[in-house]
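With chain A fixed as given, assemble chain B onto it according to the hints.
There are 2 protein chains.
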Amino acid sequence: MADQFPFVQGGVVAAQGFKAAGEHLGIRKNRSKRDVALIVSDTLCSAACCYTRNLVQGAPIAVTRAHVANGHARAIICNSGNANTCNANGVEIAEGMSALVAQHTGVAAEDVIVASTGVIGQEMTLDPFINGMASLAAALRPDGGHDAAEAIMTTDTVAKEVAVTFTLGGKPCQMGGISKGSGMIHPNMATMLCFVTTDAAVSPACLQEALSDVVKDTFNMLSIDGDTSTNDMISVLANGAAGNPEITARGADFDTFKAALYQVCAKLCRMMAKDGEGATKLLTCTVTGAKDKATAKLAAKSVICSSLLKAAIFGSDANWGRVLCALGYSGAELDVSKIDVQFVSRVGIIPVCTAGSGIPFSEEAAKKVLSEDEIDVAVQLNSGSESAIAWGCDLTYDYVKINGDYRT
Amino acid sequence: MADQFPFVQGGVVAAQGFKAAGEHLGIRKNRSKRDVALIVSDTLCSAACCYTRNLVQGAPIAVTRAHVANGHARAIICNSGNANTCNANGVEIAEGMSALVAQHTGVAAEDVIVASTGVIGQEMTLDPFINGMASLAAALRPDGGHDAAEAIMTTDTVAKEVAVTFTLGGKPCQMGGISKGSGMIHPNMATMLCFVTTDAAVSPACLQEALSDVVKDTFNMLSIDGDTSTNDMISVLANGAAGNPEITARGADFDTFKAALYQVCAKLCRMMAKDGEGATKLLTCTVTGAKDKATAKLAAKSVICSSLLKAAIFGSDANWGRVLCALGYSGAELDVSKIDVQFVSRVGIIPVCTAGSGIPFSEEAAKKVLSEDEIDVAVQLNSGSESAIAWGCDLTYDYVKINGDYRT
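If you're matching them up, the sequences are chains A and B in order.
Under the working numbering, the letters of the first sequence match residues 1 to 408, in that order.
Under the working numbering, the letters of the second sequence match residues 1 to 408, in that order.
Simulated from the structure, these hints should not be mistaken for lab results.
A few of these clues could be false.
For identical chains, the list gives no copy identity; a pair is met inside one copy or between any two copies.
To be verified - Using 30 Å as the maximum straight-line C-alpha spacing, the simulated DSSO-like pairs for lysine-lysine come out as follows:
#1 K29 to K368
#2 K29 to K367
#3 K291 to K368
#4 K258 to K171
#5 K33 to K367
#6 K267 to K291
#7 K367 to K401
#8 K368 to K401
#9 K293 to K401
#10 K33 to K258
Bear in mind the structure is a predicted one, so any value in this text is a computation, not a measurement.
Isolated chain A (complex conformation):
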């Protein structure tokens, strides 16, 4: 899908009226690693969130749910290095983080979205926040988005930020976001952290509706390792600083806003998949010709979740039987005898399967196509007109290395 809106600089503070910071407050031992991000709007915002569906949920999730129940928020605080989950004092810590933000920024504590990411079940204290919140608040800047993006990273190797510009009611609007991966990712929704801000004016109900719709086609189509995490969420703040007529119902403006949100989320998904733990390649699956959307999604997601295919992609091995296998156990109703499969990358297209059976292809050419760092498995079901895309990555030695000794 071609991108509809121009990308702009500024990430999570590309929108007017937002400031951000990311500093080292001491959650992590490594002093050179920023570990707390703070994002603040000049004014109260419409707020919408989607949360992990894991039954085990971090204390920050509970506190955030309560804080955004009225559809409004003004700030986001997020630490990396400790998930604040399965701790006896988790809620106390999350509420303490909110109170400290309130004390140092003037935002009401109940307007703060709280998030934590890192190891589950580790003791956590409020001390780093007590000692460091003043300097974090002092560091808030209209160009602090990149620092914030860095502060929420765990095993991520690159910071993930994106922003777009679009027009509503003749007013230029901006929307930007940051997100972190890069393991324990198999959203159902959501399984990472993502914070989006916009200066568009949109009602809380419309913001939630747009977010819930977009999440289904973006973060819920992303998988790194099949593990749905306990802590993670996507939050969107809309402060209305762009001055457009507030979006309060479906219509042309709602559609434009939702398209911008889709573009921001899809881009972040792509960045997260490519930076999946240990990944050397982005692996996407584009399913076309499905009888309905649900079939297309089930099929696409099953393919990018297959450990066997992911390992084959790492090895640049055109083992297309594993694609058929993953389609077969996807749970989707498929007519296997109609399925065509191609491996696609920047340097070429290799058809490997037609009507459910293998066809001859050059192993040498396939190796060349699969040696690129962005691989699409194009599946044509020849049974209808619906399509879907899912994002994932290859399975590598480094995934095992990172996760064999993450905690100690």
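This is chain B only, laid out in the frame that chain A set:
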């Protein structure tokens, strides 16, 4: 669970009236690797099978379904090195294999169970069978079980065979089996090949009932990599040579027979999990205190399927938060605040979580417990009296290595 029946030698030909062979017929290039197994009963047997639920199914599955539709069979032929799946001429090949068995053994072609395992979507010819079936049939011996076990191996590093003795109606009976893994294993049923023979007399209906029950608690609780394969099945042949009164209904004899079948299948599952692709450790999860059996099974299976936990076990890292995380997204209804977790091995027990929260433990002692080659994650749900066990393995560099370049 303690083993109820004594183990005996002989594997898949421990039962009276069965012969087996395994030879190199040339499916594989490596001449030192046996690649076709043949198992034949002296007389017609009751036969039962369970098959993969993958929508993409190998041609041998279709042919076998037709051959055992009447509840009887007398021989099993299985090749490794080519899955005979997604080939235009697959059914022709599978029927040709049956016909050649008939020609050289006197078993009717429609009484032959056919199986293939290996790469999907590779061209296959009947030539190796045409040229080699005479010598394979000539090699049939009452002690040929180990050769057959070797012939069905793919990426397995050890042959898997087991046999037990038990008594029905005062008659000593034997039951033995062979199976192969060791990747693309996530049964639903079944996702590997397993062949069991017994000299007990049991009607086809009772044999199928016992098998379907046992599979739910054994092979369907086994996962190596979450990939449900296209080809695989478990077949049981019962020839009645032991002379017991035929089992034709539920009752004490049926229960004894089913217990023996459980023991054979559970032992083979354990062996397969421990020899999972690249595995260095057997990983089991024993869930107790569940409100019902379905909850216990969902919870146990989710834990042993977690890539993150599997990698942590490889690294001997007591990252129990990943256990809680996997329980939380298992789909089971759980009261997280009641969950206790312990890591258990031959050298000790490390409690790590009580009532859903972490408790202090010695990292050194945990490392020692987790450095063993058989690790159980003991999960007490404290919500009832049902239990379940699931079998898996750690996720290692070698899994990636094996599957990054399996085909070429």
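Here is how each hint holds up against the structure:
For a Cα distance limit of 30 Å, the shortest separation of K29 from K368 across copies, 26 Å, qualifies, whereas the shortest one inside one copy, 43 Å, does not. With identical chains, the CA atoms of K29 and K367 are at most 30 Å apart between copies only, with a shortest distance of 22 Å across copies and 43 Å within one. Taking identical chains as interchangeable, the C-alpha atoms of K291 and K368 are never at most 30 Å apart, the minima being 33 Å within one chain and 53 Å between chains. Taking the closest pair of Cα atoms, K258 and K171 come within 30 Å of each other only inside a single copy of the chain (16 Å); across copies the shortest separation is 73 Å, beyond that limit.
Within a single copy, K33 and K367 get their C-alpha atoms only as close as 39 Å, which misses the 30 Å cut-off; across copies the closest is 28 Å, which meets it. In this homomeric assembly, K267 and K291 come within 30 Å of each other (Cα to Cα) only inside a single copy, at 27 Å, whereas the closest approach across copies is 43 Å. Taking identical chains as interchangeable, the C-alpha atoms of K367 and K401 lie at most 30 Å apart whether they share a chain (26 Å) or sit on different chains (17 Å). Taking the closest pair of Cα atoms, K368 and K401 come within 30 Å of each other both inside a single copy (27 Å) and across two copies (19 Å).
For the identical chains of this complex, K293 and K401 are neighbours neither inside a copy (37 Å) nor across copies (35 Å), given an alpha-carbon limit of 30 Å. For the identical chains of this complex, K33 and K258 are neighbours neither inside a copy (34 Å) nor across copies (59 Å), given an alpha-carbon limit of 30 Å.
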